[in-house]
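Asks: These protein sequence lines are chains A and B, in that order. The opening position of the first sequence corresponds to residue -13 in my numbering, with each subsequent residue numbered one higher. The opening position of the second sequence corresponds to residue 22 in my numbering, with each subsequent residue numbered one higher.
I should point out that these hints are in silico values taken from the structure, not numbers from a laboratory. Treat the numbers as computed from the prediction; the structure is a model and nothing was measured. Note that the Cβ used here is the ideal one computed from N, Cα and C, for glycine as well.
Now the in silico label distances, taken between C-beta atoms and shown as ranges: (1) A:E55 <-> B:N139: 42 to 48 Å; (2) B:L169 <-> A:L96: 27 to 33 Å; (3) B:D244 <-> A:A130: 57 to 63 Å; (4) B:H196 <-> A:S(-2): 23 to 29 Å; (5) A:Q112 <-> B:S316: 28 to 34 Å; (6) A:T110 <-> B:N146: 44 to 50 Å.
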Amino acid sequence: MKKIFLVEDDLSLGQSLFDRLGQDFQVQWEKSFTSAIKQLSEIKKCDLAILDVGLPDGNGFELAKKIREVSALPFLFLTAQADAESRLTGYQLGAEEFIPKPFHLKELLLRLNHVLQAHSTVNTLQVGDLQINFEELVIKGPGAEVQLIPDSEMRVLKILIRQAPQVVDRDLIMNEVWGAESELSHRSIDNIIVKLRTYLKTESHRIKTVRGRGYQWLAERNL
Amino acid sequence: MKASKARTLLSAIWLIFTFSLVSWWFVLNLRSAQAPEQVPEDSAAAESTQRGRMYFWEGSTLLLTVLLGGGLLIGMSRREDQRNESLRFFFANFSHDIKTSISRLRLQAEILAEELSNSKDGAENKVLKRLLADVSRLDLQLENSLLLSHESEFKLLLQDLEIQPLIHSLQIEFHDLTIVLSGNARIKADSRAIKSILRNLIENARHHGQATTVKITSATLSDSKILIRIEDNGSGSSLALDTLGKEITPQTASTSNGIGLFLCRQLMQKMKGTIRFMPGTERGLICELTLPGASV
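Next up, chain B with everything else stripped away, as it sits in the complex:
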């Protein structure tokens, strides 16, 4: 059952329960007020009428309050559901439309790049390459925002995946970088999530670290986990490495807001993996990802 439906149901149960309880109390008190007692008739009748009136007004007010409160709770809960539903609908449509638009733009730019690949006009090619790199960044930023906007609801499809085709796809995207892969381990991961993590790490190395080469190695650890090590030759990070990806920070002139790395950490946790950063052997940054290995 969806959380929103459960909320409405709980509100309704609360209303029925409290309303029944108060009704029972109300009826019981009214009856006891009307019951004959062994006291002088005149004063007893007067006291009984007075008590009855008091129970009636107190009870009616309480019942009305419970009824209104419960009704309001159900109404608000339903409004919240409708709001969430329209937000989901908006995001689904927005995501579909914007992704199709980026596809159109990228496909046309790539076709143009293919056609111009034999031309000697270096300036045109440079502009196109820049355009393609910017489209890729836009795509990544959009994907990060979409994943972050419903990160808690993001469901995984864990599949047995080979590293090589994933990296090959990244080599196509980051064609201006030299991406070297050694080892072809098989991991159990969500293809969208792992691709998003690798894209963020490589984009960071290129954009923030000005790296020109990224070396990716994969190896099987003793506990059937897979280690993926991503090492770049960029300028590294000016921030404390153990804090990378732990929170989203305000953007400054020298650092970004860290959404990409924050998302990497969240997605790795969801896939029962770990992520850790360390300084490169000579320069740059090393990121180590540990993930469960594929089923044998």
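Next up, chain A with everything else stripped away, as it sits in the complex:
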């Protein structure tokens, strides 16, 4: 079951959302900026965050920035602040959707599922002649050739594919795979990328280095 990180300070609205969304998803509901910040480590276990902008002790935009620092989790804003500046800020922070209040339940569910679907990585992915199996941690070649990939390296590949066509920052990869306290250097990420390119053989060009920013996965349409 997909897990949703919900931040809503209005108790009645939050409870209704928690109950209704709880029928289809596992929901973690935080009622303030402070409590949401305390639960940031839990974010990695979630599939999507729904953030209110006007919180009594903070701001949903600030929260989105904090989330982005530790995870590539997709998020959407559910807010009464729907002016042009707020919407622009929201999209600039990387929001998938900006849903103004008052919203319709059906529309919310529709957009939510749309975002989840767009970000879900399938278990297997065909890349040219290669088949990547994220569950079995293998890359199958054209013949019977099978290459076993260590879990951490497969997770890096998964992040790049999930975030495509966005450029993924090295810090974000480190935080997501090894945690914020990890003492890994950027060089280690570069080494993993070299290894991944070796595994991908003829498709190694799919991982593009973006100087000063990070790495980008080039899907078929972006090549």
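Use these hints to put chain B onto chain A, whose structure you have.
Replies: Just chain B, lined up with the frame of chain A:
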């Protein structure tokens, strides 16, 4: 720079300029009054003292008037700014609170409607549907009032938008109407503004025209503009169609005050688009919106 800050700054510049000018005039005249002249000493001294006194009192009064006037102007300007700031604060809070309240109400009603959708109690469902329609009207009226209250300050976020998801969202809201869409053109518009326009047009068709079906078609015109045609099967409008949306009129028994259509026209102008009404082919009303197309 905000207009209110510019106003205060201009008042201050005006005060400094006029005060300096009058001070210069005052000092200059005082000096010339004290300067020795080639006239008999007794009468010259008396005349000089008299002129000096006159310059002193006239100048002092003028300086005081300029100083008080300028100070008053700055004070009033600052008070106006504070008043505007508190009004903005009030509207922001009011809008946030009322929108959250409507969200609560609508969400609970929609959850209830979902739960009752399998029940055979038609009366309960009817009441709920009416409640949901009324919540939608309240939401639209509030949105219209908020947009109208700061229409001149309303800023747009022009984005490339597809018509289909917009209409889909309206199909959810106006579930008792049949909304048929053909074509899925891409426009350059503000999502809030275009949604507000479409909601107003459809709500008018439903509420005032008693329409049951609304057909929406979109097509690309030759000059990379997009035409959105909204046609309903309602009773049409009793008013002159070329005047629709041009002004807000007093509400009568048969017509509303026209805030919705007035807002539609204003928002279309802001988005560099046009709006035009015409009678339906058989009955009802046709509204044609022309908007810039999305970037290629």
